[in-house]
Amino acid sequence: MEGIVGYGAYIPRNRIKVEEIAKVWGADAPSYKRGLMLEEKSVPSPDQDTITMSVEAAKNALKRCLINPKDIGAVYIGSESHPYAVKPSGTVLAEALGATPEVHTADFEFACKAGTEGMYVALNLVKTGDIKYGLAVGADTSQGAPGDALEYSAAAGAAAFIFGRENIIANALESYSYMTDTPDFWRREYQYYPQHGGRFTGDPAYFKHVMGAAKGIMDKAGMKPSDFNYVTFHQPNGKFPFRVGKMLGFEKKQIEAGWLVNKLGNTYSGSSPLGLTAILDVSKPGDMILIVSYGSGAGSDAFIFEVTKRIEKVRDLAPKTRDLLDNNRRYLEYGEYAKFRQKIKKAS
Amino acid sequence: MSTPSRFWREIPQRYRLEANKCKRCGYISFPPRLICPQCQNREFKETKLADKGKILTFTVIRVPPQQFVDQAPYAVGIVELDDGVKLTGQIVDCDFENLKIGQKVKIEFRKIFDAGEAGILCYGYKFVPE
Chain A
197 MEGIVGYGAY
207 IPRNRIKVEE
217 IAKVWGADAP
227 SYKRGLMLEE
237 KSVPSPDQDT
247 ITMSVEAAKN
257 ALKRCLINPK
267 DIGAVYIGSE
277 SHPYAVKPSG
287 TVLAEALGAT
297 PEVHTADFEF
307 ACKAGTEGMY
317 VALNLVKTGD
327 IKYGLAVGAD
337 TSQGAPGDAL
347 EYSAAAGAAA
357 FIFGRENIIA
367 NALESYSYMT
377 DTPDFWRREY
387 QYYPQHGGRF
397 TGDPAYFKHV
407 MGAAKGIMDK
417 AGMKPSDFNY
427 VTFHQPNGKF
437 PFRVGKMLGF
447 EKKQIEAGWL
457 VNKLGNTYSG
467 SSPLGLTAIL
477 DVSKPGDMIL
487 IVSYGSGAGS
497 DAFIFEVTKR
507 IEKVRDLAPK
517 TRDLLDNNRR
527 YLEYGEYAKF
537 RQKIKKAS
Chain B
373 MSTPSRFWRE
383 IPQRYRLEAN
393 KCKRCGYISF
403 PPRLICPQCQ
413 NREFKETKLA
423 DKGKILTFTV
433 IRVPPQQFVD
443 QAPYAVGIVE
453 LDDGVKLTGQ
463 IVDCDFENLK
473 IGQKVKIEFR
483 KIFDAGEAGI
493 LCYGYKFVPE
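As they're listed, the protein sequences go chains A and B.
197 is the number of the first residue of the first sequence in the numbering used here; add one for each residue after it.
373 is the number of the first residue of the second sequence in the numbering used here; add one for each residue after it.
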């Protein structure tokens, strides 16, 4: 059996509240808070990007499995905010962990689904027996255009998973993907901010693919919603995960442990993977977990994990996701946020 | 623009804090040296610096060198790591008025500077309060 042998999270400590953004654009904060179920979001420091957060999340994952980094045969980062247009992010991560030079490295891109894409490939490479351990990270420092609805949610964070065949903390029972060509959100080359199709990002995009992947994997495994202790979906706002959960027949209590978006924002490629880390932080041996990502363009990856006894031994070896979210926060005003995110045009 | 090779040579230290420890007297050299400055021994064991420590002293830089202009003002400190090594670096994610000598810090992987808008990104270690 293959599965997760180590997991780790990283969330920057800066936050900005919905009220602070709404104040600048003359928007109605209470209606955004109610409509999107968002209170605040994480903001990376100026010296943080997808690479730095991936390194910190992966170091936390290594702390939980205590393997030799040289035994990691694949290092993948999924993100839509890779710092370079040409030059891999994964090489920096592999070098920082000490996994080089005998390692396969690739950067994945598929809007918010890139993190689970890396997980899918790393897990299945471990399954083939070709590599001993595979590391996959979902990380983003996502950008929303100033004044756009996305600005209230586009956040930063990273989650890392190491897959292997020994000392497993969560057995991977099934993996499944559901994909179509649906242009609901995109960013062309040289464009700074993404564009989206407004309400088109809902029914034909998020809901169709998340439902398709969730139903597909449950059919494949012969399972139903009540068989799971926890489920985490991609979290573009607070409402969508609960709504799709209800449509599929899940109860609120199955979703809440991995629902971080109200205080975290949408961490794009890190979103459902961070939800999974928060669930692993509180799960018990024998618990069944379903994770379904969503990436615009569009598609979903789904995994079913069964938690093992080893979780009790390793979860306290690195910071827990809820602690990273709730402790040591630093609140920014919009001006400082705009400077941090390089939204201010300076003389060159 | 400078070539990337100078930065590249320092990757084992900047990314992984690789040092060497004298096999005779235990002195840790960072970056690694060929001859121990304490006992002139030439045999070393590879080691990695501790990732936690405490602030020995610090200052706030307000007039920075050119590649750090966008980051000013920022704190720079000497930190005594848990293995006794004293290391200089930026202290970030902090309010200057709350920084204290003796304060516990940990090492995080951060972007140190970029070589201009089109140049390479240089990563390495910085300190953040625990």
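These aren't lab readings, by the way, just hints derived from the structure by calculation.
All figures in this text were calculated on a predicted structure; none of them were measured in a lab.
There could be a bad hint or two in this list.
Cut-off 16 angstroms, straight-line C-alpha distance, at most; resulting in silico cross-link-like pairs (EDC-like, lysine to aspartate or glutamate) [said to hold, decoys possible]:
1) K539(A) to E489(B)
2) K542(A) to E529(A)
3) K424(B) to D454(B)
4) K535(A) to D465(B)
5) K259(A) to D423(B)
6) K424(B) to E452(B)
7) K535(A) to E452(B)
8) K541(A) to D423(B)
9) K542(A) to D442(B)
10) K483(B) to D465(B)
11) K435(A) to D415(A)
12) K542(A) to E489(B)
13) K283(A) to D423(B)
14) K411(A) to E452(A)
15) K516(A) to E502(B)
16) K539(A) to D442(B)
17) K535(A) to E216(A)
18) K442(A) to D477(A)
19) K283(A) to D267(A)
20) K459(A) to E298(A)
21) K458(B) to E489(B)
22) K541(A) to E452(B)
23) K283(A) to D486(B)
How the hints compare with the structure:
At roughly 15 angstroms between alpha-carbon atoms, K539(A) and E489(B) fall within 16 angstroms of each other, so this suggested pair holds. The suggested pairing of K542(A) with E529(A) is violated, with an alpha-carbon distance near 19 angstroms, which exceeds 16 angstroms. Under the criterion of a C-alpha separation no larger than 16 angstroms, the hint pairing K424(B) with D454(B) is consistent with the structure, at around 6 angstroms. Taking the CA atoms of K535(A) and D465(B), the gap is near 15 angstroms; set against the 16 angstroms cutoff, the hint holds.
With a C-alpha separation of about 13 angstroms, the suggested pairing of K259(A) with D423(B) holds against the 16 angstroms cut-off. The straight-line distance between the Cα atoms of K424(B) and E452(B) is roughly 9 angstroms, inside the 16 angstroms bound, and the hint therefore holds. Pair hint K535(A) plus E452(B) does not hold up; C-alpha atoms about 32 angstroms apart against a cutoff of 16 angstroms. Proposed proximity of K541(A) and D423(B) is contradicted: the alpha carbons are some 37 angstroms apart, above 16 angstroms.
About 10 angstroms separates the Cα atoms of K542(A) and D442(B), which keeps this hinted pair within 16 angstroms; it holds. Between K483(B) and D465(B), the direct Cα distance comes to roughly 13 angstroms. Compliance with the 16 angstroms bound is thereby established for this hinted pair. For the hint pairing K435(A) with D415(A), the CA-to-CA distance comes to about 26 angstroms; that exceeds 16 angstroms, so the pair is violated. For the suggested pair K542(A) and E489(B), the alpha carbons sit about 12 angstroms apart, so the restraint of at most 16 angstroms is met.
Taking the CA atoms of K283(A) and D423(B), the gap is near 28 angstroms; set against the 16 angstroms cutoff, the hint is violated. Of the supplied pair hints, the one linking K411(A) and E452(A) is violated, its CA atoms being roughly 20 angstroms apart against a limit of 16 angstroms. With a C-alpha separation of about 15 angstroms, the suggested pair K516(A) and E502(B) falls inside the 16 angstroms cut-off, and the hint holds. A hinted pair counts as satisfied when its Cα atoms are at most 16 angstroms apart, and K539(A) with D442(B) qualifies at roughly 14 angstroms.
The suggested pairing of K535(A) with E216(A) holds, with an alpha-carbon distance near 15 angstroms, which does not exceed 16 angstroms. For the proposed pair K442(A) and D477(A), the alpha carbon gap of about 24 angstroms is over 16 angstroms, so the pair is violated. The hinted pair formed by K283(A) and D267(A) fails the criterion: a straight-line CA distance of about 24 angstroms is larger than 16 angstroms. A distance of roughly 39 angstroms separates the Cα atoms of K459(A) and E298(A); the hinted pair therefore is violated under the 16 angstroms criterion.
The hinted pair formed by K458(B) and E489(B) fails the criterion: a straight-line CA distance of about 33 angstroms is larger than 16 angstroms. Taking the CA atoms of K541(A) and E452(B), the gap is about 39 angstroms. The hint is violated against a cut of 16 angstroms. A threshold of 16 angstroms between alpha carbons decides the hint, and for K283(A) with D486(B) the separation of about 14 angstroms falls inside it, so the pair holds.
Of the hints listed earlier, those the structure fails to meet are numbers 2, 7, 8, 11, 13, 14, 18, 19, 20, 21 and 22, in rising order.
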